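Undergrad: Sequence:
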Amino acid sequence: MAQNEAATAVEAEAEAEATAVAHTPVFESEESTPRNSIINTEASLYSQDSSKESVYQSEPSFNEITFLHECTFIFFMCMSQLLTQAANAQTMPTMVQLGRTFKVSNQPGEVSWFSAAYSLTVGTFILISGRLGDMFGYKKLYVIGYIWFGIFSLLVGFSGFTTSTEFFTTMRGLQGIGPAIMMPNSQALIGNFYPTSFRKNFCFACFGATAPVGFIIGALFSGMFADLTTWKWTFWTCGIISILLALLAVFVIPNKIGSKSGGKFDYWGSIVGVTGLVLINFAFNQGPNVGWNVVYVYVLLIVGFAFMCAFHFIEKHVEDPLVPPSVLRGDTGYILACISAGWSCFGVWLYYMFRWALLVDKDSAIMSAVKNIPAGPVGMIAAVVTAVLLTKVPSAFVMFFAMIAFLVGVIIMGTRPVGQIFWAQKFVSMLIQPIGMDMSFPAGVILLSAALPRHQQGIAGSLVSTFVNYSISIGLGFAGTVEYYTTKGKEPGFETTVLGIRNAYRMGMGLAGFGLVVSTVYLLKQLKEIKKKAVEEKQIKGDNII
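Each residue of the sequence shown is one higher than the one before, starting from 1 at the first, in full-length UniProt numbering.
Among the hints, erroneous ones may be present.
Restraint ranges, calculated between C-beta atoms of paired labels, are given here [said to hold, decoys possible]: (1) Tyr296 <-> Gly493: 28 to 38 Å; (2) Trp268 <-> Gln420: 35 to 45 Å; (3) Ser326 <-> Trp268: 15 to 25 Å; (4) Trp268 <-> Lys488: 21 to 31 Å; (5) Glu495 <-> Arg100: 32 to 42 Å; (6) Ser105 <-> Val294: 20 to 30 Å.
Hints are computed from structural coordinates only; laboratory data are not their basis.
Every value quoted in this text rests on a predicted model; they were computed, and no experiment measured them.
Ideal placement from N, C-alpha and C gives every residue a C-beta, glycine not left out.
Sequences and hints are given; from them, build the entire structure.
TA: Structure follows, in structure tokens:
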């Protein structure tokens, strides 16, 4: 009798599973279409678990909400990207006014910290916030990130009343923790809400395309406030908007997207990894400020690398690693290496473009921002084109073209003569450089999202954003070191300023060149794999015919 009941239960369960498969949403057929075959093929090379989680969990699902609700959801996801990049721009056109406020106008190393502190914390704390989202819910972390971002944006503005460089830089760093929480969880919300399909790729492309628009908006408002009222209002406005978005997000984002992954949080890995990243980044950005001959600078660098070695050891032996070692191997390793090189070059290109505009061209804060407008539409087009390209060509081609754009863009900007009009080299560079950033970022997000299982979408989002933002900050440290030592001992003045900026750009060219070398190796490797797979498929077809 018991055996009959057990058999009946098994049959009922099998019938339920068959019914569930029969009622699986339309996206299952989307996933098998030819236009997504390349992404799925690449993902299968280094993901063994994604096939087990082909059915997403969200209430309501994307095909159960209205089109207006879906558009509003994507808008809120993109707003996290927009505000993150807008905040990155807040200290670029205002660096002259900030230098006067804090009395560091003649100390380029101190001024660079105003931007580097933000990128440092964004790039570092993203590493753990993605995992926290996997464990406690992406929506919850998304809202917390906005609230944190809003509060510390307000405090950055109020720090202007203290005239303390240390307090401003500290608040600027704490401000960056907000986007570090928002960004990977925004990407995870998209990654879990949609199945692997062109629709999902398009949403990620929109997310990536928002980056240049956000930076331009942030630069424009920062320049406007600095010229017309006070730079403090750029931070106060950002804070107010962030808190309002946090409140509205509670109602806009579907109640349940994805499922909590469970498992244990890697406390030791988090502490050791974050500490190592902070120490290394601090050393590279403080070196140009006080000189590498100061003992504590290189001691902190050595200690930072020791912490990262310990982090690598911990991740190999814990049950639920913060960064699964497998993620850093194979194709994802090449992709992240390309992103690191390209975006560190981009950080140099961007920061020193503003320094040149303000100190060499003598532009006003608002005019230095206005001249960035051409980058916006180019970046948006590049991001959307990338979403299409990734369904038709291997990812290595996309990364290769992105690295070429990074290199050509920084060469054109770095060789620009003094006094040249905007419409010559600078305008051309503004059209080329965004192609690199808006091809590499969406490509990285899309491919890692496809490669990792659904319960690790937070890790997918955090890894790409970590490499992007940390690379921007560390690139400024490299360039600042070159600027410091090539102008050390020279009389401060116009010629010395120009020399320092040019040498910093040469550092950016080297970083982009390294990225091009890595992408070339990746391209050759992937072409070899594609050729090998084609031969194997041909042999299988031949065997079937026989």
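Undergrad: Compare the structure with the hints numbered earlier in the document and write down the numbers of the violated ones, lowest to highest.
TA: 2, 4, 5
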